[in-house]
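Engineer: Sequence:
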Amino acid sequence: MSEWIDNVLASAVKGEYPTTLARMKSGVVFIRDWQFLSGYCILVAYPRINSLNDLNFEERACFLNDMTLIGDAIKAVCNPIRINYEILGNKDNYLHAHIYPRYEWEEEAIRKDTIYRYSKEIWTDKKYYYTEEKHGILKKQLTENLIELMKQNYK
Numbered sequence: 006m007s008e009w010i011d012n013v014l015a016s017a018v019k020g021e022y023p024t025t026l027a028r029m030k031s032g033v034v035f036i037r038d039w040q041f042l043s044g045y046c047i048l049v050a051y052p053r054i055n056s057l058n059d060l061n062f063e064e065r066a067c068f069l070n071d072m073t074l075i076g077d078a079i080k081a082v083c084n085p086i087r088i089n090y091e092i093l094g095n096k097d098n099y100l101h102a103h104i105y106p107r108y109e110w111e112e113e114a115i116r117k118d119t120i121y122r123y124s125k126e127i128w129t130d131k132k133y134y135y136t137e138e139k140h141g142i143l144k145k146q147l148t149e150n151l152i153e154l155m156k157q158n159y160k
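All the letters of the sequence shown, read from the start, carry residue numbers 6 to 160 under this note's numbering.
Treat each hint with caution, since some may be false.
To be verified - Only pairs whose alpha carbons sit at most 30 Å apart, straight line, appear in this in silico DSSO-like list of lysine-lysine:
no. : residue 1 : residue 2
1   : K145      : K80
2   : K160      : K19
3   : K80       : K139
Unchecked claim - With beta-carbon atoms standing in for the labels, derived distance ranges:
no. : residue 1 : residue 2 : range
4   : E21       : E112      : 34 to 40 Å
5   : I127      : K160      : 27 to 33 Å
6   : K80       : R122      : 20 to 26 Å
7   : R116      : Y159      : 30 to 36 Å
8   : N12       : E113      : 37 to 43 Å
9   : K145      : E8        : 29 to 35 Å
10  : K96       : D118      : 14 to 20 Å
11  : R28       : N55       : 17 to 23 Å
12  : D130      : I86       : 22 to 28 Å
13  : E91       : E126      : 19 to 25 Å
14  : S56       : S16       : 21 to 27 Å
If you are wondering where the hints come from, they were derived from the structure by calculation, not from laboratory data.
Where is the CB? At the ideal position from N, CA and C, for every residue including glycine.
From just these sequences and the hints, can you work out the full model?
Structural biologist: Here it is, written out as structure tokens:
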């Protein structure tokens with residue numbers, strides 16, 4: 006897995022990875038390749054590190070702040086009822102955060118729980134996979150909003 010993420014990050018930093026939204030202070034943000042929850046993004050620490058606890062306190066604060074800027078961009082563009090933030094690392098051994106919107110239209114039992122309650126069929130249904138044709142405008146709006154938020158909040 007480490008070679009894969011290293012290649013993705015190297016490509017993203019050069020501006021060549023298709024789902025890259027922006028390079029942030031703490032890492033690179035991508036629109037997720039699965040868009041059942043429109044606006045779902047992931048922040049990957051760059052340079053790559055294994056855990057939030059491996060960062061010093063200033064770097065931790067920066068990573069967490071970047072997460073919230075992504076959440077603010079999602080809120081502005083997608084108008085969800087809330088944003089969920091999740092750092093796991095059990096399966097993928099590199100620091101990354103899932104930032105995903107929650108919507109009123111979601112079934113209440115799932116909306117009030119983790120997104121992993123969605124069925125495998127939803128997670129693997131190709132109609133929700135990111136394509137430039139279907140999601141390019143969303144990606145552009147998220148990127149523009151996020152860049153503006155970074156200008157306002159980075160010192």
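Engineer: Does each hint fit the structure? Answer for all of them.
Structural biologist: Results of checking the hints against the structure:
1. For the hint pairing K145 with K80, the CA-to-CA distance comes to about 15 Å; that is within 30 Å, so the pair holds.
2. Between K160 and K19 the alpha-carbon distance is near 23 Å, which keeps this suggested pair within the 30 Å criterion.
3. With a C-alpha separation of about 20 Å, the suggested pair K80 and K139 falls inside the 30 Å cut-off, and the hint holds.
4. At roughly 38 Å, the beta carbons of E21 and E112 sit within the given window of 34 to 40 Å.
5. Here the CB-CB span from I127 to K160 is close to 41 Å, at odds with the stated 27 to 33 Å.
6. Hint check: K80 to R122, Cβ distance near 22 Å, so the stated range 20 to 26 Å holds.
7. At roughly 33 Å, the beta-carbon separation of R116 and Y159 lies within the given 30 to 36 Å, and the hint holds.
8. Restraint check, N12 to E113: a C-beta distance of roughly 40 Å satisfies the suggested window 37 to 43 Å.
9. Distance hint for K145 and E8: a CB-CB separation of about 30 Å, consistent with the stated range 29 to 35 Å.
10. Take K96 and D118: their Cβ atoms lie about 19 Å apart, and the range 14 to 20 Å holds.
11. Between R28 and N55 the Cβ separation comes to about 20 Å, which falls inside the hinted range of 17 to 23 Å.
12. Checked against the hint of 22 to 28 Å, the pair D130 and I86 passes, with Cβ atoms roughly 23 Å apart.
13. Judged by the Cβ atoms, the range 19 to 25 Å given for E91 and E126 holds: they are separated by roughly 22 Å.
14. Between S56 and S16, the C-beta spacing of about 23 Å keeps the proposed range 21 to 27 Å intact.
Hint 5 from the earlier list is the only one contradicted by this structure; the remaining hints agree with it.
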